[in-house]
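Here our numbering is used: the first residue of the sequence shown is 843, the next is one more, and so on.
Do not rely on the hints blindly, as some may be mistaken.
[What the hints assert, rightly or not] Pairs of lysine to aspartate or glutamate, EDC-like flavour, derived with a Cα cap of 16 Å:
id	residue 1	residue 2
1	Lys-1250	Glu-1265
2	Lys-1245	Asp-1311
3	Lys-1269	Asp-1202
4	Lys-1094	Glu-1136
5	Lys-1223	Asp-1311
6	Lys-1094	Glu-1031
7	Lys-1245	Glu-1314
8	Lys-1173	Asp-1055
9	Lys-1223	Glu-1256
10	Lys-993	Glu-1136
11	Lys-1122	Glu-1099
12	Lys-967	Asp-1106
13	Lys-951	Glu-931
14	Lys-1269	Asp-937
15	Lys-951	Glu-940
16	Lys-1164	Asp-1281
17	Lys-1103	Asp-966
18	Lys-1169	Asp-1055
19	Lys-985	Glu-996
20	Lys-1348	Glu-1334
21	Lys-1245	Glu-1306
22	Lys-1103	Glu-1136
23	Lys-1269	Asp-1252
24	Lys-1269	Asp-1201
25	Lys-1011	Glu-1025
26	Lys-1122	Glu-1102
27	Lys-1318	Glu-1110
28	Lys-1000	Glu-1081
29	Lys-1122	Glu-1136
30	Lys-1122	Glu-1110
31	Lys-1000	Glu-989
Hint data in this document are derived by calculation from the structure and do not stem from the laboratory.
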Amino acid sequence: MAQIGDGVGILSTVLIGDGVGILSTVLDGVGVGILSMVLIGDGVGILSTVLDGAGVEDGMVLDGADGMVIMDMPITMAEDKGINKWYNELVVSADLAENSGVRGCMVIKPYGYAIWEKMQAQLDKMFKETGHQNAYFPLFVPKSYFEAEEKNAEGFAKECAVVTHYRLKNDPNEKGKLMVDPEAKLEEELIVRPTSEAIIWNTYKNWIQSYRDLPILINQWANVVRWEMRTRLFLRTAEFLWQEGHTAHATKDEAIEEAEKMLDVYAEFVENYMGIPVIKGIKTPSERFAGAEETYCIEALMQDGKALQAGTSHFLGQNFAKAFDVKYMSKEGKQELVWATSWGVSTRLMGALIMTHSDDNGLVLPPNLAPIQVVIVPIYKNEEQFNQISEVSQKLEKSLQEKGISVKYDNRDEHKPGWKFNEYELKGVPIRIAIGPRDLENGQLELARRDTLEKTVYPIDGIEVVISDLLEDIQKNMFDRSMNFRNNHITEVSNFDEFKDVLETKGGFISTFWD
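Modelling step: build the complete structure from the supplied sequences, incorporating the hints.
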């Protein structure tokens, strides 16, 4: 992890394969730039630019009065407020999240949390399929634990929230007010976890004595706090939700295999469920996780031509085993230090989902993660028509649910059909079904796809199969469209002038052939 500030630029190179480079520029706050190169394969270099909070005012909430406008490609650094405004308006208007009364912290609203729950459920399934178990460790980390691994402590020190007292009392000078009780100062300060390696490895010391105790494969679903100066809903907040895996191994090779395997798990999830193609890489030393020997990453390209780090896994070597004196007795009867990994993804994936697929009309959700995959909207003029439509709609709702499809029949009478159409378009529901009296007479239904906005009429008979196939097609189309966008934004250059021109005018990834 690189600690950066206003006007600071970092140039680095990441090796993934033979002479391959991905050069990426990151804006991580106002005027902050990181220029990094990731090497991925035979002589291939890829350059990308990442916007991660530039131009966003703390606590800014846009109410949508100006409408949602997504800037035409390319979006230069000077124009980034356009897409920032679009993004913030969309997150709020689609009822995903909003800023809270606590600086840098967000409220994830029920619809946004439902998407996160879908992500959690699938990731949790994949973790368990690879042999991992869930556990939970304390939110608070004693400062002495945090200091034990020097690089980790140094890397996160400027982002830590620190608890110094354990009690409040009435303010004797101001009625109705509270003050920190000076007599309740903690003997040792507690760090609100920015990550959990320290508290977990202090625990592993008690769990590991023999090679028979290894490997330990633990995952934790939790919240963490990193005191960010520039925040942006989902993409960068002071408090965020995530999962963090922490594993212990007898050998170096086992630990490296684990770190690489979990990166593959992340890539599979992001591509197959989020519909976002990724590039796997290895971070440069300057961008490496604090305390890691290697950091593996997946990078995704957003619609503004900038990249987003979607997940990381870390080979920690024996650094934390040394810091906390975690050893095991080998088969040969020798005391050996344990090898470690950690890996994590967070609610930043929500931001990636929005930035990759959404459009001027609102969210576009892949069916695999949509809380509502199909919505049925009745169109009627009187109670008799409503009752007839409801009978058909409720039967369809039940038959789709039996097929494992998430469906909602919206029979609210306080909103007209057109209002509902706009609402579900804004919320990214993959398929919308409109049913009116004429549809019943003709034995047909109109299905609207959110990904293409196409409307098609199908016979009611066999509609369940049509919908099931259509959901699969939408999922595939969203991935293919994102892949085509990424491929169209990989540009080969032969000199530095071409490189600068593409960076300034097109963005995306640049194949540089630099080693």
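### Query
Is the hinted pair Lys-1011 and Glu-1025 satisfied, with a Cα-Cα distance of at most 16 Å?
Judged against 16 Å, a Cα distance of about 10 Å means the pair holds.
### Query
Given the hinted pair Lys-1173 and Asp-1055, is their alpha-carbon gap at most 16 Å?
Status holds; Cα separation ~12 Å.
### Message
Holds or violated: Lys-1223 and Glu-1256, Cα atoms, limit 16 Å.
### Response
Since the Cα atoms of Lys-1223 and Glu-1256 sit roughly 14 Å apart, the hinted pair holds (cutoff 16 Å).
### Task
Take a quick look at whether Lys-1269 and Asp-1202 sit within 16 Å of each other, Cα to Cα.
With Cα atoms ~12 Å apart, Lys-1269 and Asp-1202 stay inside 16 Å; holds.
### Query
Has the given pair, Lys-1318 with Glu-1110, been kept, meaning a C-alpha gap of at most 16 Å?
14 Å, holds
#### Entry: Pair hint Lys-1103 and Asp-966, alpha-carbon separation not exceeding 16 Å
15 Å, holds
### Query
CA of Lys-1094 to CA of Glu-1031, is that 16 Å or under?
Roughly 34 Å separates the two Cα atoms, so the pair is violated.
### Query
Is the hinted pair Lys-1122 and Glu-1110 satisfied, with a Cα-Cα distance of at most 16 Å?
This hinted pair holds, its Cα atoms lying about 11 Å apart.
### Query
Is Lys-1169 within 16 Å of Asp-1055, Cα to Cα?
11 Å, holds
### Query
Keeping to a limit of 16 Å between CA atoms, is the pair of Lys-951 and Glu-931 held or broken?
15 Å, holds
### Message
So if I understand the rule, the pair passes when the alpha-carbon distance is 16 Å or less; does Lys-1245 with Asp-1311 pass?
### Response
12 Å, holds
### Query
Hey, Lys-1245 versus Glu-1306, does the alpha-carbon distance stay inside 16 Å?
Given that 16 Å is the threshold and the Cα spacing comes to 8 Å, the pair holds.
The earlier numbered hints that this structure contradicts are 5, 6, 16.
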